[in-house]
Every structure is written in C-alpha cells, then in structure tokens.
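Note that the protein sequences, when read in sequence, are chains U and L.
In terms of my numbering, the first sequence opens at residue 1 and continues consecutively.
In terms of my numbering, the second sequence opens at residue 1 and continues consecutively.
No lab work stands behind these hints, which were simulated from the structure alone.
Given the structure is predicted, the values throughout are model-derived calculations rather than measurements.
Among the hints, a few may not be true.
To give an idea of the interface, some chain L residues facing chain U are shown, with a C-beta separation under 7 Å as derived from the structure [what the hints assert, rightly or not]:
id, residue
1, Pro8
2, Asn26
3, Leu27
4, Pro39
5, Gln41
6, Leu45
7, Phe55
8, Leu90
9, Pro100
10, Pro108
11, Gly109
12, Thr113
The beta carbon of each residue, even a glycine, is placed where N, CA and C say it ideally should be.
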Amino acid sequence: KQEVTQIPAALSVPEGENLVLNCSFTDSAIYNLQWFRQDPGKGLTSLLLIQSSQREQTSGRLNASLDKSSGRSTLYIAASQPGDSATYLCAVKGYGGSQGNLIFGKGTKLSVKP
Amino acid sequence: DGGITQSPKYLFRKEGQNVTLSCEQNLNHDAMYWYRQDPGQGLRLIYYSQIVNDFQKGDIAEGYSVSREKKESFPLTVTSAQKNPTAFYLCASSMRAGGPSDTQYFGPGTRLTVL
Numbered sequence: 001k002q003e004v005t006q007i008p009a010a011l012s013v014p015e016g017e018n019l020v021l022n023c024s025f026t027d028s029a030i031y032n033l034q035w036f037r038q039d040p041g042k043g044l045t046s047l048l049l050i051q052s053s054q055r056e057q058t059s060g061r062l063n064a065s066l067d068k069s070s071g072r073s074t075l076y077i078a079a080s081q082p083g084d085s086a087t088y089l090c091a092v093k094g095y096g097g098s099q100g101n102l103i104f105g106k107g108t109k110l111s112v113k114p
Numbered sequence: 001d002g003g004i005t006q007s008p009k010y011l012f013r014k015e016g017q018n019v020t021l022s023c024e025q026n027l028n029h030d031a032m033y034w035y036r037q038d039p040g041q042g043l044r045l046i047y048y049s050q051i052v053n054d055f056q057k058g059d060i061a062e063g064y065s066v067s068r069e070k071k072e073s074f075p076l077t078v079t080s081a082q083k084n085p086t087a088f089y090l091c092a093s094s095m096r097a098g099g100p101s102d103t104q105y106f107g108p109g110t111r112l113t114v115l
C-alpha cells in the first residue's frame, strides 16, 4: 500500500531564505506527483504537477523535482515571503482502480517570518 | 467565475442525525471526489465518481453515502452510522479521473462538528 511521508512536519524560516520541502513515497509505480498549498481553514490549491516521465516542473519561485527510483520529491521555494506561509501537501497518484486516486502526505506547515 | 462551491461552510449535527454536504462545480469536469481531513492528518478519500450515475468507495466510505445524478453536483451524506464525523470535508473535481496530467481542483471545504 502506498504511503507518503513529508518531512519536516513544520518549518520556520526568515523572509528571503531559500528552502526545500521533502516528500517520500514507498511505491515508485506512480502516475504523477502533485504539490498543493493549503491556507488555514481553506481548500487546497494545486501548485505543481510532475508526470512520472518528468524530472521537474517550475512555476515562478517554485521548483519541484521527482526521483521515482528513490521515491522522493522536493519542493524548492526561492526567496521566501511571509505570503508563502501555509501548509504544503504532497500527493501521488498510482495506476488504475482505487490506486488511481491521490494518496496524500500529512503536510509541512511553513511559517515565513518578516 | 468557474470553480467549485461547497455549502455550508460550517455545519453542526446532533448525534443520530444524518446531514448532507453540498458540492457543485461549473468546470465541466467528469470526475468528482470527497475527502476528509482531520487535524495533523493528510486527506483521506471517502468516495469518488468518474461519471454521472456512477461512483466508487474510497478508503473510508463506511458511514457515508453519495449520489451523482448531475455532472455538476456530488452531494455527500454523513449518516448516523459514521462514528466520528467531526472533521473538515473537502470536495474536488478533475477533468477526468485517469489522465497523467489530470489536476484536482478543490472547493473551500465544510467543517462539520457533532454536538
């Protein structure tokens, strides 16, 4: 059964710092991997989606990488801002049937201090 | 504006009552999903639907029921059989359930509290 782990559970950094959030998964047979952002009491916003054939995706100050063989993904945030403060969730999608649904990690709660 | 709406934002239920959470999307998506989120936990899939008049159980379907009579609507009923229903409920939709680049779009959520 696929399991997704995110480390650390919480992270506090000063404004302007570059940072990396980690996601690991136990079954490398994935269709894609997605990173989401969740603000307190809100729904999820999709940030980046990496297909299994891709190595990385970039959007603005965000860069996500995928290493299927090692079961790892990282989300790199450049020049962090207080507005980046949120919980970041990683989710993987397997193949077929119920495995085709997203399996989520518990998230990393990021706090960027002014 | 295109998107997903959920109502109500907050819902209070007495023990033994059934309640229904609404989810509507105007994105013309085929697939819709219901997740439950508990504090400090990742999202867990309750039910999903790939097409009108069809739906499948997710990982934690016991005590819940759904219907998909219209493409844009996927209501979730939390029945009295659900032993611990207090949670944050999120609805999502995607263009279709199986594409490699298929992104799920989420609604704002409903917080259900059992009194």
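Problem - Supplied contact hint for Leu90(L), tested at 7 Å Cβ to chain U - result: Leu90(L) check passes; min Cβ-Cβ to chain U is 6 Å, inside 7 Å.
Practice task
Grab the minimum C-beta distance from Asn26(L) to chain U and call the hint holds if it beats 7 Å, violated otherwise.
Solution key: 16 Å, violated
Problem - Interface hint outcome for Thr113(L) [beta carbon to chain U under 7 Å] - result: 13 Å, violated
Practice task
Classify the hint on Gln41(L) as holds or violated, based on whether any CB of chain U lies nearer than 7 Å to its CB.
Solution key: 6 Å, holds
Practice task
Closer than 7 Å between Cβ atoms is the bar; does Leu27(L) clear it against chain U? Give me holds or violated.
Solution key: Violated - the Cβ of Leu27(L) stays beyond 7 Å from chain U, reaching only about 13 Å at its closest.
Exercise for the section: Using Cβ atoms only, decide whether Pro39(L) comes closer than 7 Å to chain U, and label the hint accordingly. Expected result: 10 Å, violated
Problem - Hint validity - Leu45(L) Cβ closer than 7 Å to any chain U Cβ - result: 5 Å, holds
Practice task
Please verify that hint: Pro8(L), Cβ, nearest Cβ of chain U, below 7 Å or not.
Solution key: 14 Å, violated
Problem - Satisfaction of the Phe55(L) interface hint, Cβ to chain U closer than 7 Å - result: 12 Å, violated
Problem - Residue hint Gly109(L), partner chain U, criterion CB-CB below 7 Å - result: Nearest chain U Cβ about 5 Å off; hint holds.
Problem - Cut-off 7 Å, beta-carbon criterion: hint that Pro100(L) touches chain U - result: 5 Å, holds
Exercise for the section: Grab the minimum C-beta distance from Pro108(L) to chain U and call the hint holds if it beats 7 Å, violated otherwise. Expected result: 5 Å, holds
Hint violations for this structure: numbers 1, 2, 3, 4, 7, 12, all remaining hints satisfied.
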